[in-house]
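Trainee: Below are the chains, spelled out letter by letter.
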Amino acid sequence: MLFGKLRILRSHGRQYIPNLDKVTLTEEFRGFPMLTITDDKSDLERAAAVCPTRAITTSPLTLDMGKCLFCGECQRIAPKNIRFTNEHRLAATRREDLIVMAGQTKPCFTKDAVRPEIAKYFGKTLQLREVSAGGDASVEMELNATGNVNFDFGRYGVGFTASPRHADGLVLTGPISENMAEALDICYNSIAEPKILVVCGSEAISGGLYADSPAVDRTFLDKYHVDLWLPGAPTHPLCFIDGITKLRK
Amino acid sequence: MEMFYRTNNTASAVAIADIPVVEYEALYNDLKERMTDARYHVAHYFATEAEAGLKFYMILLDDKTGEVLITSFVPDYYAEGLASLTAVHQQFHPFEREIFELYAVPFDGHPWLKPLRFSFDRRDKESTMESYPFYAIEGEELHEVNVGPIHAGIIEPGAFRFICDGEQVLHLEIALGYQHRGVESEMVRNNNRLRQTLITESIAGDTAVGHATAYAELVEKLAGTDIGDDLKRERLVAIELERIAMHLADTGALATDIGFQLYQVACEALRTVVINTTQAWCGNRFGKSVIRPCGSNFPLTEEKIATIRKNIADVRRRYNEVREDILEAQTLLVRFEQCGLVSTQEMTTIGGVGQAARASGLKRDIRATHPSGFYAGAFNHTPVMRTDGDVMSRLATRMDEVLQSADYIESVLADYKPSEHIAAPDYNAPLKADALSFSLVEGWRGEICHVALTNAEGNIAKYKVKDPSVHNWLGLAIAVRTEGISDFPINNKSFNLSYCGHDL
Chain A
1253 MLFGKLRILR SHGRQYIPNL DKVTLTEEFR GFPMLTITDD KSDLERAAAV
1303 CPTRAITTSP LTLDMGKCLF CGECQRIAPK NIRFTNEHRL AATRREDLIV
1353 MAGQTKPCFT KDAVRPEIAK YFGKTLQLRE VSAGGDASVE MELNATGNVN
1403 FDFGRYGVGF TASPRHADGL VLTGPISENM AEALDICYNS IAEPKILVVC
1453 GSEAISGGLY ADSPAVDRTF LDKYHVDLWL PGAPTHPLCF IDGITKLRK
Chain B
4 MEMFYRTNNT ASAVAIADIP VVEYEALYND LKERMTDARY HVAHYFATEA
54 EAGLKFYMIL LDDKTGEVLI TSFVPDYYAE GLASLTAVHQ QFHPFEREIF
104 ELYAVPFDGH PWLKPLRFSF DRRDKESTME SYPFYAIEGE ELHEVNVGPI
154 HAGIIEPGAF RFICDGEQVL HLEIALGYQH RGVESEMVRN NNRLRQTLIT
204 ESIAGDTAVG HATAYAELVE KLAGTDIGDD LKRERLVAIE LERIAMHLAD
254 TGALATDIGF QLYQVACEAL RTVVINTTQA WCGNRFGKSV IRPCGSNFPL
304 TEEKIATIRK NIADVRRRYN EVREDILEAQ TLLVRFEQCG LVSTQEMTTI
354 GGVGQAARAS GLKRDIRATH PSGFYAGAFN HTPVMRTDGD VMSRLATRMD
404 EVLQSADYIE SVLADYKPSE HIAAPDYNAP LKADALSFSL VEGWRGEICH
454 VALTNAEGNI AKYKVKDPSV HNWLGLAIAV RTEGISDFPI NNKSFNLSYC
504 GHDL
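Protein chains in written order, with our numbering: chain A, 1253 to 1501; chain B, 4 to 507.
Chain A with its partners taken away, still in its complex shape:
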């Protein structure tokens, strides 16, 4: 019995990532897209036409990471114009900062848009309530992973809590199904001020594939101030960790 457990521990070894800020993801990972303008726009126009969430505009050339599902198909059609890098630090404090312009070399995190009380109240500890409103379970599993033995975000005082009464903020995932809209609103309003609102995943940010679906109700986002936007399908745990860390500094 004891020998078996020691064997597991020996094989388990050290699992936590010592410095979460120094991780570089695999080359295949599709993160921040770099955009290049060319004279011939035919490839780009085909890519924009096929984009399932209409995330690309051709004039001017932009790509909205809040809509993008990072499938990479546009890069295959228009490799001269669009190249996804493996940069996973995609967090933004303003919705418009998720729209990538041609020539832009890195994501745009506008520190000035962060409310000063966030660092004051949540700099040392931050407990969040997650609400899935039509999320497909992948974003939710990645949020769970932020606290796992590898990422161990808890070491910086950030975690998830069951009751909104114990929470300092809400993390929303999913395109906001109509059937969850009321529960989401009740949950958000059960959290005491001051609080933050984090919108996690491209489907939550823009509705994604369900942006035009009659089964979603996105009025929640018209009513409340969003502090952090985190793109991805799903959002990578390190994108979440990076965004929350910057927000609290």
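If you are wondering where the hints come from, they were derived from the structure by calculation, not from laboratory data.
Incorrect hints may appear among the rest.
Just a few of them, taken from the derived set where beta-carbon distance is under 10 Å, the chain A residues facing chain B [claimed, not checked]: (1) Asn1338; (2) Glu1392; (3) Asn1400; (4) Asn1402; (5) Ala1435; (6) Asp1464.
Pairs of lysine to aspartate or glutamate residues, derived as EDC-like cross-links and limited to a Cα-Cα distance of at most 16 Å, are as follows [to be verified]: (7) B/Lys307 / A/Glu1279; (8) A/Lys1257 / B/Glu324; (9) B/Lys58 / B/Glu36.
Small disclaimer: the values here were computed from a predicted structure and weren't measured.
Glycine included, C-beta positions come from ideal geometry on N, C-alpha and C.
Keeping the supplied structure of chain A fixed, place chain B upon it in accordance with the hints.
Mentor: Relative to the frame of chain A, chain B by itself:
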């Protein structure tokens, strides 16, 4: 007249004109008898708007012969009403409930025609999540416990209503629909097949590979595309990687729920290795983008083959250490054994599928009974079986399946060299017109079934999705009867069913 069109899971799409249109009464009488034999179960049953009223389609599976039986009927239901099949065979309940919800078809004799998911296009808009008609029992000794829709963890929403006598659960009813996003209607919003592929990847994000494979196979049957053995082999690797990752996640989750941290952290770390392997293959930890219709954007390279083999061998070895220790861990066994029993008979009655059915001694596994892709060739799959039907059996099937899937991946990659025969995806291949195409895929939860109907232009006009959870949610409700309510979490994790896959 023949009652069914008989085909299998590798044949091409069926011309709608070839599917018999039968009298409902004759079909009802046939099924009343036929479905008493456990070799048959219903894989899909739905209605669609036709020229005059509704047309119904039903797909049955014969586990003994590997046949797929398809039939249809066009009832004059306003005049007569339809006799409920649920009343004689419970496995029809989610399908009849859906048809009732969408089209107000009254099934005579159905025990309780409740809404299934409160879809936006339901007929009765007065019926809402808030007015869900929960079953109730009167009694001074009894109390109700309501959980949800928002749960304690980072997990999808659903409402669970327990009726308890003290700590003991007498009855559990699960009300779903909170996750409804309109998947099936979005699938036919336009003909962009890249968009359709991505929607199927989001039906249940933890089964992205399973559902995308179901879509790809369905489209390939309509297009008449043979993707070749190499791509079939690579798809097998992708779906078995997904199975390993999720079974590891659930082993860890079960350990978490009894406070057994050693197994929890070991499984978390192992799952990370597996999903990072998938990410190194296709850029996404959940395998989104690895499956595409008629081809692949990510044919395996020599380097990737080596990475997968090395990592999976390592995970297999380390997981087996955890598995062997679990089998001797008395404090774990005392919680999991003889808890949450679902008998073979009950599983058969509800039409259970997948890993949960196999844990209850019901051999349902599409890879064995209705194989497609690489499973359909010389590949020989033997389902992992248990007979006790308790939490431990459901864990034990997962544990053995992790080892089995790891062995499968090694066996198909051991002598495999990067292929020159894998095409790029094709999103524009012409599809057979006026046809019905279905696909059956054994995802890690069980049987995924997609069905599409094409119109005269060869465009997909109707798309129906069935996640295995649709069958198995009732299994969870049955499992917790007479158990202590504190055993609900381990029962829930032992099934780990999909909310979004059910709600669509």
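Trainee: Look at each hint and say if it fits the structure.
Mentor: Checked hints:
| no. | hint | verdict |
| --- | --- | --- |
| 1 | Asn1338 | holds (8 Å) |
| 2 | Glu1392 | holds (5 Å) |
| 3 | Asn1400 | holds (4 Å) |
| 4 | Asn1402 | holds (5 Å) |
| 5 | Ala1435 | holds (5 Å) |
| 6 | Asp1464 | holds (7 Å) |
| 7 | B/Lys307 / A/Glu1279 | holds (12 Å) |
| 8 | A/Lys1257 / B/Glu324 | holds (8 Å) |
| 9 | B/Lys58 / B/Glu36 | violated (23 Å) |
Taken one by one, the earlier hints fail for this structure only at number 9.
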